[in-house]
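Chemist: Go by the hints and put chain B onto chain A.
Next come the chains, spelled out residue by residue.
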Amino acid sequence: MVQFPAFDALRWRRVLTAGLSAAAVAAVVSACGSANATSTSGSRPGPEVLKVTLTDGGCSPKKLTTKAGALTFAVVNDGTKKVSELEVRKTDGVILGEKEGLVSDKHGSFTLRLGPGHYVLGCPLPLGGGNGTLVVTGKPISVQAKSGTKLAAAVAAYKLYVERQVAQLRQGTKRFTAALAAGDLGKAQRLYGPTRRHYEAIEPVAESFSSLDSDIDARINNVAPGAPWTGFHHIEQILWEKNTTKGTAQLGKTLDADVADLQHKVATLSYQPAQLANGSVELLNEVATSKITGEEDRYSHTDLSDFQGNLAGARKAFELLRPALDANGNRILGNTIAQRFAVVQQGLDRYRRHTPLGFAYYGALTKADRLAFSQEVDALAEPLSTVAAKVSG
Amino acid sequence: MATRREFLAAAGVGAAGLAVGAGATAFFEHDDGSSSGETVPFHGAHQAGIATAAQDRLVFAAFDVTAATKGELRELLHEWTRAAELMTKGLPVGPPAGDKNAPPADTGEALGLGPAALTVTFGLGEYIFAPGRFGLSSRRPSLLRSLGKLPGDELDPAKSGGDICVQACADDPQVAFHAIRDLARIGIGSAVLRWAQLGFGRTSSTVSTQETPRNLQGFKDGTRNLHGDNAEDMNRFVWVGDDEPQAWFRGGSYVVARRIRMLINAWDRSVLSDQENTIGRFKLSGAPLTGHREHDPLDLEARGADGRPVIPANAHVRLAAPSTNDGAAILRRGYSFTDGIDAATGELDAGLFFIAYQRDPHKQFAAIQTRLGSHDALNEYILHTGGGLFAVPPGIRPGGFVADGLFA
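Sequences listed follow chains A and B, in order. If you read the first sequence in my numbering, its first letter stands for residue 1, the second for the next number, and so on. If you read the second sequence in my numbering, its first letter stands for residue 1, the second for the next number, and so on.
Looking at chain A on its own, in the form it has when it is part of the complex (with noise of 0.2 Å):
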């Protein structure tokens, strides 16, 4: 135990140091994207702090105010176990950035870059409340450029997101194996939920390599005869099947090596628009395939909190298309979508829960509800299956 403060103070840095270069590149595409684009970031030598607290009372201060730009979000839990996340979401509940899983103690941060508006601080407490508000003035720093521009824009935060996911994904995945070679059961079952979620969200990507995917997140039965099991998905069944970490040390080195593996070869990726779409499209099919079913986590019952994943890295990918999309005749229809997402999330949110994984265990889903995600995922996955046509070139 005497190591994890050390260990997180590492990660501290490490996150941060990737939210600044990522609003440091963020701010040269737009600056690209349109000779006459404005950047009130530029005056400036880094992105403005804003400092949150989350206390029993949820956010606090409930109201900041700030100028336009890239903004860190520096995230502290003063020791209160009733919300250990900050979201910063439109006023139509579109999550634009999120730091989750700061238990009692925990800090960590994230960095956007905002325009003039209103947006909600959202520190969710159990039984509703604890939010508070920014406030954000100034000039608008939102590039108006062509359609092109807008979609290239579109591709270059997606490939950044892409690459702090697998990041994210890196980092978690240490920690876990660290675990299990210490042979630590309880945290290891702990990590095992947050540690996937980055990967849930991205996986489209990692299934663009042979066999990557399979390598990591391959179920039993998509073994082939003779051929060895790898990854999350072995590991899980001998956690929670067999309840002990025996038997996974080198099934966690693997893993160790093949997360890494995907992190380099995410760092040659270019994306086409239309991959954005269809991505979008594919971690839906997962959600109503694999996660509503319960498929993916069969002996970890974690399969909610990788419904997450799925549905952060599709409603991110349709984000970040939908300018272009308004401005190509397309804004009802990306307004459909939008709301369409903000449904299947507030049905989620309902099973929200306040321990280490964020959410219920498979168990809690409600046969009523399974049938109603189900039909919400098929009304969100039909117009989305439409986008890619409408951005490819």
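A portion of the hints provided could be inaccurate.
Unchecked claim - To spell it out: a stretch of chain B is covered by chain A in this simulated footprint if at least three of its residues, at any positions, have a beta carbon under 8 Å from a beta carbon of chain A; those stretches are:
(1) 79-92
(2) 101-110
Unchecked claim - With beta-carbon atoms standing in for the labels, derived distance ranges:
(3) B:Pro157 - A:Pro228: 43 to 53 Å
(4) B:Pro103 - A:Gln339: 15 to 25 Å
(5) A:Lys367 - B:Pro103: 27 to 37 Å
(6) A:Glu241 - B:Leu147: 46 to 56 Å
Source of the hints: derived by calculation from the structure; they are not laboratory data. Predicted model, so just to flag it, every value in this text is computed and none were measured. Glycine is no exception: its CB is placed at the ideal position from the N, C-alpha and C atoms.
Modeler: Just chain B now, with coordinates in the frame of chain A:
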């Protein structure tokens, strides 16, 4: 099946094109539903799929409407009508292949299979007209109200009711399936499937030239059915007439669907005479127990040497006969179904998906079923496990859409 598919695949669009022309005159002319190139006209005074000679295959689906406004409901019915019209001509609902970056507009499994006499028949459930829902409560067809719980009902809510029913009948099972599948897809966001039932073989003859088929109990079913080619009977028993206060609904009908599970194992081990006494007909010939040929009239008065009625007091044909039901008759259009096995017992889960059209479901189906449900000897071998009551709007005009009178 294979032969028909191969023929159509080889003939391609040409066969479908020819059939469109032939279909106009073939409405009541086909006798056994074996020609899958046939087109049943989509437009007319009444919806197709009621008086139409019963096709071989059925997919019946009930949807719940998730659309929130009357305008969205109207749009759904409009889109569904457009798609149904295309499919009944053997055409896809949109390009089955085109933009490589878009999902195909038509799912494609019916390509090359021809129209297969497809009919798509829509019905509206009671709750569509609920006060405060779509603002349609003043337009509710006058007899569209719950039948209540009838004797013998064991209806599973998961297989019952719904806002809109769609009956897709065709001579090719894949054509019928395609119709429901593509309508469900088009409806995504506005309607969700509530339940669906596949029927693999017709159990009714609905025109005078069709032979009476057998149901899964091995008996000829529907010998005394109403016939769609008898206009007088159709007007008397099936079509809603000018006395209907809701002018938009005149020319419509009411459909009652019932998923009737047959307890096959129990039936199969009952002796032949019991089976025949239960139904009131001879198994092989289909003749009534008082006759020799299938279409011989029932003699409900005849008594045997022992002084008892030859057709027993609780025989199915006696209790279902119009003469014992104040003359009430219904147009039956049922199909045999199976849903694999009942996991609890290992028995085949199979039976009759009963469909009946009539102008007054309370005086016709409900009255008959009240007698049957309490006295029918057949009750020992069947369970009513699902179904619904729907108002079937009148026929669709060219350029119009189903139930458009409701929005006028």
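Chemist: Kindly indicate which numbered hints from before are broken by the structure, ordering the numbers from low to high.
Modeler: When the structure is compared with the hints, only number 1 turns out to be violated.
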